[in-house]
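Student: Taking the hints into account, I'd like the entire structure generated from these sequences.
This is what each chain is made of:
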Amino acid sequence: MTSVTNYLRRIAARLTGHALAFVARFITAVRADWRGIEPIARQRVYFANHVSNADMPMIWTVLPGHMRRQTRPVAAADYWLKTPLRAFVGPEVFNCVLIDRRPEARQEDPMEKILQALDEGSSLIIFPEGNRNMTDDPLLPFRAGLYNMGRARPEVDLVPTWIANLNEIMPKGEVIPLPLICTVTFGAPIHVAPDEDKDSFLKRAADALLALAPPPPGGAS
Amino acid sequence: MTPTTLDILFLAFGVLGLLTALTVLGEILRGRLPHGQTNPVVETFVTRVHSWWAMVILLSLAVLGGQTWVILLFAFASFAALREFLTFTTKSKADHLSLVLGFFVILPLQYLFVGLGWSGLFTVFIPVYAFLLLPIVSALRGDAKRFLIRVAETQWGLMICVFCMSHVPALITFEMPDGSDRSILLIVFFAMVVQLGDLFEYFGGRQFGRRRVAPGLSPKTLEGMVAGVIAAALIGAALSWITPFGLLGAAGMAALASLTGMFGSLVFAAIKRDRGVKDWSHLIPGQGGLLDQLDSVIFAAPVFYHVTNLIWG
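For the protein sequence lines, the chains are A and B, in the order given.
No gaps in the numbering here: position 169 of the first sequence is 169 in our numbering, and each next residue is one more.
No gaps in the numbering here: position 301 of the second sequence is 301 in our numbering, and each next residue is one more.
Fair warning: there could be bad hints in the mix.
Claimed, not checked - Far from chain A, by Cβ distances over 12 angstroms, these chain B residues were calculated: (1) Val-24; (2) Pro-34; (3) Met-55; (4) Ala-62; (5) Gly-65; (6) Thr-89; (7) Ala-94; (8) Phe-103; (9) Thr-123; (10) Gly-142; (11) Pro-177; (12) Phe-203; (13) Leu-248.
Claimed, not checked - With a Cα cut of at most 30 angstroms, we get these calculated DSSO-like pairs of lysine-lysine: (14) A/Lys-203 / A/Lys-172; (15) A/Lys-82 / A/Lys-113; (16) A/Lys-198 / A/Lys-113; (17) B/Lys-145 / B/Lys-93; (18) A/Lys-82 / B/Lys-93; (19) A/Lys-172 / B/Lys-93; (20) B/Lys-145 / A/Lys-172; (21) A/Lys-203 / A/Lys-113.
What the hints assert, rightly or not - Quick partial rundown of chain B residues pointing at chain A, CB under 7 angstroms, derived from the structure: (22) Gln-67; (23) Arg-83; (24) Lys-93; (25) Leu-99; (26) Val-100; (27) His-282.
No lab work stands behind these hints: they were computed from the structure.
Remember, it's a predicted structure, so these values are computed and weren't measured experimentally.
For every residue, glycine included, the Cβ atom is placed at its ideal position computed from N, Cα and C.
Tutor: The structure is reproduced here in structure tokens:
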């Protein structure tokens with residue numbers, strides 16, 4: 001009986017995934033620009049800018065099926081376990097690696113869970129700014145997690161991933177998304193150099209990500 | 001089966017036959033090149049033919065389905081076009097609601113009015129009512145920074161992508177002098193002469209184009225445009241049997257539509273150049289966006305609609 005229920009839940013998760021991808025494509029015609037990598041199933045950590053809750057589904061949507069099944073977003077447990085619906089969508093549809101953002105309450109080390117997922121062969125999607133960027137700056141300072149991952153598993157490609165236009169599609173506080181074209185640009189992979197310290201690597205990673213951002217609409221005027 | 005349906009099928013199969021011939025021609029041109037080489041002109045031609053297959057099949061099915069399907073098809077085309085256009089316009093957070101209204105209220109209402117045949121309303125709805133309403137909605141959010149640029153560019157997008165585009169399906173509402181239901185064929189006539197005129201303009205310009213009409217903006221040449229308009233007029237004359245225009249009238253209307261469309265492409269080239277983009281989007285593989293493909297049709301539609309009503313209405 002449990003196995004039948006599990007089976008049905010998995011089918012429901014797959015269908016929900018396809019429906020979400022369809023909605024994302026209908027609203028934003030989201031498209032991948034494979035500028036620095038090929039769309040092949042290599043193990044990677046996609047690190048992206050974060051302005052909206054729709055960021056992760058956008059990357060997830062543009063990944064071809066064979067890459068999507070191998071890729072797990074790293075996401076906050078307090079967000080994705082809040083309601084039964086989110087607990088279905090986060091862990092089961094997107095197959096998220098859920099980590100606890102509250103250091104005082106957590107049972108397990110988030111980095112251990114992340115490295116475990118990498119050791120199982122999964123690719124990851126992470127947002128190294130930690131929180132959604134609500135400022136006018138293009139990026140918030142990166143947290144250390146990206147550096148620690150790159151240091152612990154130096155063979156994994158760290159791929160800068162810029163999501164364009166989402167702050168106009170869904171600004172904070174708005175309910176209805178604006179249908180504008182969203183582009184997800186994948187840059188050339190970077191790695192932590194053997195003698196590189198945390199701050200210089202994080203700066204290099206942020207620069208690699210920013211270099212993918214398109215000029216603002218309306219030109220320089 | 002009504003005579004109109006038979007004519008639509010006849011035209012659809014005629015165009016599909018033409019596309020088959022063009023597809024074969026493209027493969028012959030490819031085959032004549034040495035092994036492993038490609039010619040950019042031939043590749044452009046082949047990708048264009050491929051996207052025409054999709055466009056022709058979609059338009060044929062919609063026209064066979066009747067008025068509702070044609071209006072739905074163009075409503076979705078307007079949606080995709082507006083999405084491309086507004087991606088590149090100036091806007092701020094304060095415009096979010098007015099832009100959402102543009103997509104989800106103004107656009108459906110415009111096509112509803114077209115579907116109901118309320119020509120008195122759909123010809124003024126966006127130029128007057130949306131024009132006045134949307135800046136109010138933006139102003140209420142209290143952000144004055146680049147306000148005129150923001151509202152002007154939004155209005156331009158709505159005019160082009162919704163108002164102008166909706167004049168293509170609006171041709172259905174034209175009352176034929178003989179009282180028949182053949183006005184839907186005017187859409188076929190219009191789309192064919194504009195698109196084929198563009199094709200002949202492109203290849204005519206490549207063959208013997210010398211004088212550029214807008215240097216620095218577009219590769220269009222005077223010779224290419226003349227070739228395109230003449231070709232459109234001849235095709236229009238050949239298709240005069242599906243129109244109420246008569247032989248000379250059909251040739252003249254085709255030339256007018258084709259010429260307006262070419263200048264429309266020129267205007268769109270200027271906008272793209274200004275925004276630093278080559279294509280509006282990547283919706284149509286190898287072709288760019290919907291606006292790249294339909295810019296001429298969009299621009300020519302209101303002119304064709306009004307001249308048709310003025311002379312034959």
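Student: Does each hint hold? Answer for all of them.
Tutor: Going through the hints against the structure:
Listed as a non-interface residue, B/Val-24 keeps its Cβ farther than 12 angstroms from every Cβ of chain A; the least gap is roughly 32 angstroms. For B/Pro-34, the requirement that its beta carbon stay farther than 12 angstroms from each beta carbon of chain A is met, with the minimum near 28 angstroms. Listed as a non-interface residue, B/Met-55 keeps its Cβ farther than 12 angstroms from every Cβ of chain A; the least gap is roughly 17 angstroms. Consistency note on B/Ala-62: stated as away from chain A, and its beta-carbon is indeed over 12 angstroms from all of that chain's, at 19 angstroms minimum.
Interface exclusion of B/Gly-65 from chain A stands, the closest Cβ pair being 21 angstroms apart, more than 12 angstroms. Once the 12 angstroms rule is applied to beta carbons, B/Thr-89 is inconsistent with being away from chain A; the minimum gap is 6 angstroms. The claim that B/Ala-94 lies off the interface is violated: its Cβ sits roughly 10 angstroms from the closest Cβ of chain A, which falls inside the 12 angstroms cut-off. The beta carbon of B/Phe-103 sits about 6 angstroms from the closest Cβ of chain A, which is not more than 12 angstroms, so the claim that it is off the interface is violated.
No beta-carbon of chain A comes within 12 angstroms of the beta-carbon of B/Thr-123; the shortest separation is about 25 angstroms. With a minimum CB-CB distance of about 15 angstroms to chain A, B/Gly-142 clears the 12 angstroms threshold, and the non-interface call stands. Distance check for B/Pro-177 against chain A: the nearest CB is about 41 angstroms away, which clears 12 angstroms, and the non-interface claim stands. Against the 12 angstroms criterion, B/Phe-203 stays outside the reach of chain A, whose nearest CB is about 30 angstroms from its own CB.
Every CB of chain A lies more than 12 angstroms from the CB of B/Leu-248, the least distance being 43 angstroms, so the non-interface label holds. For the hint pairing A/Lys-203 with A/Lys-172, the CA-to-CA distance comes to about 27 angstroms; that is within 30 angstroms, so the pair holds. Distance hint between A/Lys-82 and A/Lys-113 is fulfilled; the C-alpha atoms sit about 20 angstroms from each other, no more than 30 angstroms. Straight-line distance between C-alpha atoms of A/Lys-198 and A/Lys-113 comes to about 21 angstroms, which keeps the hinted pair within the 30 angstroms bound.
Restraint check for B/Lys-145 and B/Lys-93: the C-alpha separation of about 11 angstroms stays at or below 30 angstroms, so the hint holds. In summary, the hint linking A/Lys-82 to B/Lys-93 is supported, as the alpha carbons are separated by about 29 angstroms, within the 30 angstroms threshold. Proposed proximity of A/Lys-172 and B/Lys-93 is supported: the alpha carbons are some 9 angstroms apart, at most 30 angstroms. For the hint pairing B/Lys-145 with A/Lys-172, the CA-to-CA distance comes to about 19 angstroms; that is within 30 angstroms, so the pair holds.
At roughly 25 angstroms between alpha-carbon atoms, A/Lys-203 and A/Lys-113 fall within 30 angstroms of each other, so this suggested pair holds. Contact between B/Gln-67 and chain A, as hinted, is not supported at the beta carbon level, the nearest pair being about 24 angstroms apart and thus beyond 7 angstroms. Taking 7 angstroms as the C-beta contact cut-off toward chain A, the hint placing B/Arg-83 at the interface holds, the least distance being around 5 angstroms. Look at B/Lys-93: its Cβ gets to within about 5 angstroms of chain A, closer than 7 angstroms, so that hint holds up.
Hint status for B/Leu-99: holds, given a least beta-carbon distance of 5 angstroms to chain A, under 7 angstroms. For the restraint placing B/Val-100 at the interface with chain A, the shortest Cβ-Cβ distance is roughly 5 angstroms, inside the 7 angstroms limit, so the hint holds. Interface restraint check: B/His-282 against chain A, minimum CB-CB distance 5 angstroms, threshold 7 angstroms, status holds.
Checked against the numbered hints above, the structure violates hints 6, 7, 8 and 22; every other hint is satisfied.
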